[in-house]
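A.B. asks: Can you build the whole structure from these sequences, using the hints too?
Counting from 1, one number per residue, gives the positions in the sequence shown under my numbering.
Where hints are given, some of them may not hold.
[To be verified] If you anchor each label on the Cβ, the simulated ranges turn out as follows: (1) P157 <-> L270: 37 to 43 angstroms; (2) G561 <-> T362: 57 to 63 angstroms; (3) F599 <-> T370: 29 to 35 angstroms; (4) P157 <-> A263: 49 to 55 angstroms; (5) I55 <-> A448: 32 to 38 angstroms; (6) E291 <-> S475: 50 to 56 angstroms; (7) P296 <-> L233: 26 to 32 angstroms; (8) V232 <-> T626: 32 to 38 angstroms; (9) G367 <-> T558: 48 to 54 angstroms; (10) K364 <-> V262: 31 to 37 angstroms; (11) H212 <-> A70: 34 to 40 angstroms; (12) Q203 <-> N357: 49 to 55 angstroms; (13) P157 <-> V232: 23 to 29 angstroms; (14) N357 <-> G408: 20 to 26 angstroms.
[Claimed, not checked] For lysine to any residue, the following SDA-like pairs were computed, each having C-alpha atoms within a straight-line distance of at most 25 angstroms: (15) K130 <-> G79; (16) K503 <-> Q203; (17) K361 <-> T56; (18) K364 <-> R278.
If you're looking for bench data, these hints aren't it; they were derived computationally from the structure.
Even glycine gets a Cβ: it sits at the ideal position worked out from N, Cα and C.
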Amino acid sequence: MPLNDIHLRLERCKKPVASAAGFFMGCQYQRIGINRANMSADAIITLIILSGFMITAISGRLAVDFALAAAMTALLVFGVLTPVEAFQGFANPAIYIIACFYIVSAALKESGALHWWIGKWLGSNGSPPKAIPRVMAPVAFISSIISNTPVVAIFIPLLQDWAKRHNLSVSKLLIPLSYASILGGTCTLIGTSTNVLLVGMLQGNPEAASLHLFSPAIIGVPLVLIGVLYFVLVGHRLLPSRMGATEAATDAREYGVSMRVVAGGALSGLSIADAGLRHLQYSFLSEIQSEGHIIPAVGPEEILRDNDILVFVGQPEAVSELRQFPGMVPAEGQVLKLDAPYSSRALIEAVVAPVSNMVGKTVKDSGFRTLFGGAILSVSRNGERIDQKVGSIVLRAGDTLLLEAARGFVRRHRYSRDFLLLSRIDDLTAPNFDKAPVALSLLGAFIAVVVSGLLPLVVAAMVLVAALAFTRCISLEFAQRSIDIRVLLAIGASLSLGLAIQKTGLADAGAQAMMALAGDNPFLNLLLLYIVTVLATELITNNAAAVLMFPLALVLSTELGTSLLPFVMAIMFGASASFLTPVGYQTNLMVQGPGGYQFADFFRVGIGLSLLVGVTVMILVPLVWTF
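C.D. replies: Written out as structure tokens, the structure reads:
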């Protein structure tokens, strides 16, 4: 079919769609003084697509990146955007800067550069008011330079070990860890992907010339100080004292391991006492499933029968301990089918990522063994063992998996989008500390080059990646795996959606709606834009919220005759002010499982900080970047 014919058919499709949409939405526009008749068919179609994206993203039926890609496709199909317009978002320099910094972050992690100077930083005082500042200060500093995700991933096991040694619940430290990484990321233009993205959208605007690498620090640094003081004075009292997934693994009630008595094997016909299954070091026998019956209180004289299922509850090391008993094998068949011999296997804890394809599937249906070459032995949720057959457990984002896999599993899947955190139980893979000075020196040179203006940010980032690869601070394989393609897809697609909002006049309509509420007062419009950005961030992620709000900022500044920068900075800080839910920001979800947090913990701790951050931003932004 000729392209012209296709275009004519699409034009015909717009009219009935627009008519149907206009009928349902007319009264809403009349309330805010927008004339529905002035809205084009393209605008109404874009509004429908935008609404569909919001509903899909909030409901969780599709991951945000897929929802954005679907929205971009719909804009192409209905002819709202041309192919050139739809894909021009992927040519934005921000895409390549963010990709480069995924590699930089991975290199700093692989080289052990982040471990160099934090070994003794925490000190020996285990009281929360004194420990929390020692956690938040270095995390905020590091997160201002590199992506906060690897920073949090590195600090979680360090804090778990430190808290255990000082008899302190790790739940007193991990929310401050996440919030510090968020606040630290606001201090520079490269601290978060959102900041980089907004800088990319400002390309070509004359006002962008006044921004430099540390421009946000004049507000970001006070926010970090406010965050630290908040937790020292108030926040530490609101933090729960609760066991997390790894912390609770030291309690003999956290993980469950099922073993099967081999028919005719060495244990068949023996009593529990004679089999040596009493007084185990790492676990205890919780129950026996025998011929369809459950024996909950197992006595020492209980006789073992062929194919009995023995349920042990205890520490992760219980798996290795139980393997030493002849005549007993793992009850989960997939464990026996692993290719790697027992001598080359390792116990691993992994936190399920929200974008993982395993979410919403049972362990059996997830095909974990086929996909990853490992077996799930047990699942922990919110710090508690799930008391049901492993294969029937429906996996959720934030679940902590106890795995058995080949020893190279952590190295191969460290940057997989399916896991937020991976760690060996028995022996964490040591970084290559010899490369730490090189990696830190290259990062310092990069900052100097960017600050001096010798090279544009995107060029400097590419040169840095090349230098890290040349000096072998990171292998090409790890560099490739470290790039999160789904995040880049989401950013490119969201830029296309933002262009459609601007092109069709929806940005003008949104600005009119805000001005109908706030009038011609620039400050009130700034406040309203910040609040909407914060709410959108909690629902649809920070990057998507920033892209959708940017066109509104452009129109507001034009209509009010003010500078664009105060509105852009309000979006920049608002998109990072995610303290109310674990799903609003990835680092919050990363600490939920290890900290044993419940959904309400984030709101209780974060509501005060969110208000303080909001008030500070609203006071300082108009003073620093005047209207």
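A.B. asks: Within 31 to 37 angstroms: is that where the Cβ-Cβ distance between K364 and V262 falls?
C.D. replies: Hint violated: Cβ distance 23 angstroms, outside 31 to 37 angstroms.
A.B. asks: Against the 25 angstroms threshold, does the CA-CA distance of K361 and T56 hold or violate the hint?
C.D. replies: 19 angstroms, holds
A.B. asks: Given the hint of 48 to 54 angstroms, check if G367 and T558 actually sit that far apart at their C-beta atoms.
C.D. replies: 52 angstroms, holds
A.B. asks: When you take the CB atoms of Q203 and N357, is the distance between them in 49 to 55 angstroms?
C.D. replies: 35 angstroms, violated
A.B. asks: Decide if the proposed pair is consistent with the structure: K364 and R278, CA atoms, cutoff 25 angstroms inclusive.
C.D. replies: Violated. K364 to R278 sits at ~31 angstroms, over the 25 angstroms cutoff.
A.B. asks: Between the beta carbons of P157 and L270, is the distance compatible with 37 to 43 angstroms?
C.D. replies: 40 angstroms, holds
A.B. asks: Please test the hint of 23 to 29 angstroms on the beta carbon pair from P157 and V232.
C.D. replies: 24 angstroms, holds
A.B. asks: Assuming the hint says 50 to 56 angstroms, is it satisfied by the Cβ distance from E291 to S475 or not?
C.D. replies: 53 angstroms, holds
A.B. asks: Does 32 to 38 angstroms hold as the CB distance between I55 and A448, or does it fail?
C.D. replies: 47 angstroms, violated
A.B. asks: Determine whether the Cβ-Cβ distance between P296 and L233 falls within the hinted range of 26 to 32 angstroms.
C.D. replies: 48 angstroms, violated
A.B. asks: Please check whether H212 and A70 have a Cβ separation lying inside 34 to 40 angstroms.
C.D. replies: 37 angstroms, holds
A.B. asks: Against the range 57 to 63 angstroms, how does the distance between the Cβ atoms of G561 and T362 compare: consistent or not?
C.D. replies: This hint holds: roughly 58 angstroms between Cβ atoms.
The structure fails hints 4, 5, 7, 10, 12, 15, 18 (numbered hints given earlier, in ascending order).
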